[in-house]
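Student: Sequence:
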Amino acid sequence: MRKTISLIGILLFIVILIQSYMIGFNNDLIESREIVSYIGILISIIVLIGSILLLIKNNIISLILSIILYAIGGIIGIINSEIYSYLRVWGIILCSFAAILGYDLGKKKKRTY
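Its first residue numbered 1, the sequence shown is counted upward by one per residue in the numbering used here.
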């Protein structure tokens, strides 16, 4: 399950990054002062770091850090979704990733005790 979420996370990184760059380019063309595109880029970087941690390390610390990063990215996306609703979608997806990984962490702790 961890590898699946991390691979989906890397794909989400690419999609969110491209979408945020396009929105940022559009905002530059219409000379808008909105920073939502930069928040999308920040969320995509958070997703990439969390996904890489899940792929490279196979221990509980990397799992906890990935849960924290996905939750932070999800909360940032949901909070800043007033102007562009796509951030809410990515935020909900990231929060669900954090919940799934949290469930996986709970199962793993039950097996070790």
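Hints listed in this document are in silico derivations from the structure and should not be mistaken for laboratory results. As the structure is a prediction and not an experimental result, all values here were calculated from the model. It cannot be assumed that every hint is accurate.
Lysine-lysine pairs mimicking DSSO-like chemistry, simulated, CA-CA at most 30 Å apart [as the list claims (entries may be wrong)]:
#1 Lys-107 to Lys-57
#2 Lys-3 to Lys-108
#3 Lys-57 to Lys-3
#4 Lys-3 to Lys-107
#5 Lys-108 to Lys-57
Computed beta-carbon distance windows for the label pairs [unchecked claim]:
#6 Glu-82 to Asn-58: 20 to 28 Å
#7 Ile-75 to Arg-33: 44 to 52 Å
#8 Ile-75 to Leu-29: 23 to 31 Å
#9 Met-1 to Asn-26: 33 to 41 Å
#10 Ile-10 to Tyr-103: 31 to 39 Å
#11 Tyr-103 to Met-22: 17 to 25 Å
#12 Asn-59 to Glu-31: 44 to 52 Å
#13 Ala-99 to Ile-10: 14 to 22 Å
#14 Ile-35 to Lys-107: 37 to 45 Å
#15 Ile-75 to Ile-52: 15 to 23 Å
We treat Cβ as the ideally placed atom computed from N, Cα and C, and that holds for glycine.
Student: Next step is simple, just say for each hint if it's right about the structure.
Tutor: Structure-based check of each hint:
{"no.": "1", "hint": "Lys-107 to Lys-57", "in the structure": "18 Å, holds"}
{"no.": "2", "hint": "Lys-3 to Lys-108", "in the structure": "15 Å, holds"}
{"no.": "3", "hint": "Lys-57 to Lys-3", "in the structure": "11 Å, holds"}
{"no.": "4", "hint": "Lys-3 to Lys-107", "in the structure": "16 Å, holds"}
{"no.": "5", "hint": "Lys-108 to Lys-57", "in the structure": "15 Å, holds"}
{"no.": "6", "hint": "Glu-82 to Asn-58: 20 to 28 Å", "in the structure": "39 Å, violated"}
{"no.": "7", "hint": "Ile-75 to Arg-33: 44 to 52 Å", "in the structure": "24 Å, violated"}
{"no.": "8", "hint": "Ile-75 to Leu-29: 23 to 31 Å", "in the structure": "30 Å, holds"}
{"no.": "9", "hint": "Met-1 to Asn-26: 33 to 41 Å", "in the structure": "37 Å, holds"}
{"no.": "10", "hint": "Ile-10 to Tyr-103: 31 to 39 Å", "in the structure": "21 Å, violated"}
{"no.": "11", "hint": "Tyr-103 to Met-22: 17 to 25 Å", "in the structure": "34 Å, violated"}
{"no.": "12", "hint": "Asn-59 to Glu-31: 44 to 52 Å", "in the structure": "48 Å, holds"}
{"no.": "13", "hint": "Ala-99 to Ile-10: 14 to 22 Å", "in the structure": "19 Å, holds"}
{"no.": "14", "hint": "Ile-35 to Lys-107: 37 to 45 Å", "in the structure": "39 Å, holds"}
{"no.": "15", "hint": "Ile-75 to Ile-52: 15 to 23 Å", "in the structure": "20 Å, holds"}
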